[in-house]
Every structure is written in structure tokens, then in C-alpha cells.
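Student: Under our numbering, the sequence shown has 18 at position 18, and the numbering climbs by one with no breaks.
Careful: at least some of the hints might be erroneous.
[As the list claims (entries may be wrong)] Computed cross-link-like contacts, BS3-like style, restricted to lysine-lysine with a CA-CA straight-line distance of at most 30 Å:
id: 1; residue 1: K116; residue 2: K63
id: 2; residue 1: K116; residue 2: K80
id: 3; residue 1: K298; residue 2: K288
If you're looking for bench data, these hints aren't it; they were derived computationally from the structure.
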Amino acid sequence: GTSRREVGHGNLAQRGLKGMIPEDCPYTVRVVSEVLESNGSSSMATVCAGTMAMMDAGIQMKKPVSGIAMGLISDADSGKFAVLSDILGDEDYLGDMDFKVTGTADGITACQMDIKVKGLGYDILVAALNQAKDGRLHILDKLVEAIAAPREDVKEYAPKMVGVRIANEFIGALIGPGGKVIQELQKVTGCTIVINEDPVTEEGIVEILGTGQEGIDAVLAKIDSITFKPTVGSAYEVKVIKMLDFGAVVEYMEAPGNEVLLHVSELAWERTENVSDVVNMGDVFDVKYFGLDKRTRKEKVSRKALMEKPEGYVAPAPRERSNDRRPPRRDDRRRD
């Protein structure tokens, strides 16, 4: 089984590394250090190797951590002493101190001391800490030569987790009637989607779990589409996805699936007889968003609003309404 020495060394290495793992890290992290042979400090080697392993795995560590074991040879009668850096097995066995120190370039994250003398003078402790700092920084320089920063993403086959917040009003749209939208999205992308509500802000917390980045990106794109809210007065790139006699249905390029009608009267300043004279299926262009039309209560966009009026342009006169009213219907609900 696991020896008491292994447990103690493991706890020290864990304390040295744990503080540099971000609080919002979505993973349970397990670092396994298999030391096949050692004549130095295996726990400090674990800290250094564990730092590089987690950075390589894509754990966004705040800062890299290194560790070093300090030793001591002292003479109580004369008061002379020598602090040793990165002690070997014999120096640990024959020496008076085993002082392990881990930390970043900015400070200490953990330490542990075993001594064989009755106590240490302040001057010895100061010398040991200063010498340990020099050693740690030297090791850190070598460490970052191998890997300077955490990988941007986890490994290809590692489970990935992405979190995103959405306004409470969009939670229902993401779930869909009877869970139809979210179930279909999980089926198509192969991802697991979990939605919780923040008790403080009442925002929706969406967690996306999957092994493929492509599937996660597809879920994020769908969320962006559902939560997309165009701003009045802004211009957006759109694509024609359907042709109608009275206009064209266009889709926002930054929010696929979000559609809006571009009325024939908003295609160009000139009178348009046929929609296909101006745009066709698949055409991509910019439109200006005007919000809800006061008359139709539907979203209004315009292509011509982003174009200059032709020289000499005269707005067409409004259509005249006929004063002839439709005669009242005759009531045929008479009984014979």
C-alpha cells in the first residue's frame, strides 16, 4: 500500500501547487508522480514536474511553481554552518536539516522542515530561505524554457467544459417546448448541456461538456443565435436564405438561425418590381436595423438605408386610398 512517506510527500507537493490552480477551474485535477529513481528530493521533483504536466495539460495555472530541498552542515561548538542547496541522499542522511521550499517567482507556496538539531538560529533560517530563493528562481528559468505558459486548450481527447451565462429570459428558448431544442442540440453535437439559475443574479448558467471542440463550438453558436439582440441603428451583415414576392428573408451572419424579413421597399431607393432584380439566394450584404416597425410590430431592416440616394431622387407619392367603402354584408341568417 501507500507508505506514510509517500502520503507526506504527496501532501507537500499538493500544497505547493494547489494555490496556483484557478478558483474557476472546471476540472478535478489529479497529478500522479511516479519516481523510478532518485538521489535528491522526490517531492520537489514532483512539484516541478507537476507544474509542467498541468501546464501541458491546459490547466491555466496562475504562475509556474518550482521547489528545492535545502540542507545544513553545522558545528554547535564553533557556531559555523553551511547551507546546502538541492541536497543528495547522503547530505540528507548525514546533515542536520531537510528544508523543502516551493514557490513562484513572487513568493513561497509551501515549505516543510525536518531538523536533527535542537533548534536553528535566525541567521541560519534567513540564509536558508535566501539560498532557496536563488535555487528556485534558477529552476524556474529552466522550467519555462521547456514550457513558457499553459496550453490554450486541454488535450484533444480530454473532456472539455465550457461555461457561459445567458439572460434569464433566454433560458426557456434554449430549452425549448418540452426540452425539444436542448435535446436536439445534445443529440446533434454529442455534448451534454446543463442549465442552472444563479440564485443571486437570476442569470442562466450554461455548462457545456464534450470531448470535441467542434461540438462545443456548435452549441456556443446556437446559444449566440438564441441570445442575439440587434441594436437599433447598427449595421449587420446578412445572407439571403429565402426569396419571396414581397421581399427576402435574410439571416444574420453572426447569429445563424436568426431571421428577419427585408421588405421589397427597403431593397433599393429605386422602385423594385422584382426582388430578384436586386438580390438573389445566397447574397451577402449589410442592412441597418430599425427595431420594431410601429405599424406591423415586426422587426424592420433596410438595405437602402446604408446606400446613398440617387441624384435627383424623389420619394414616390403615397398610394391614394379609395373612398368607396365596401357595402355592408347582408345578413343571411334568416330562417325560412
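Student: Looking back at the numbered hints, which does the structure fail to meet, lowest number first?
Tutor: 1
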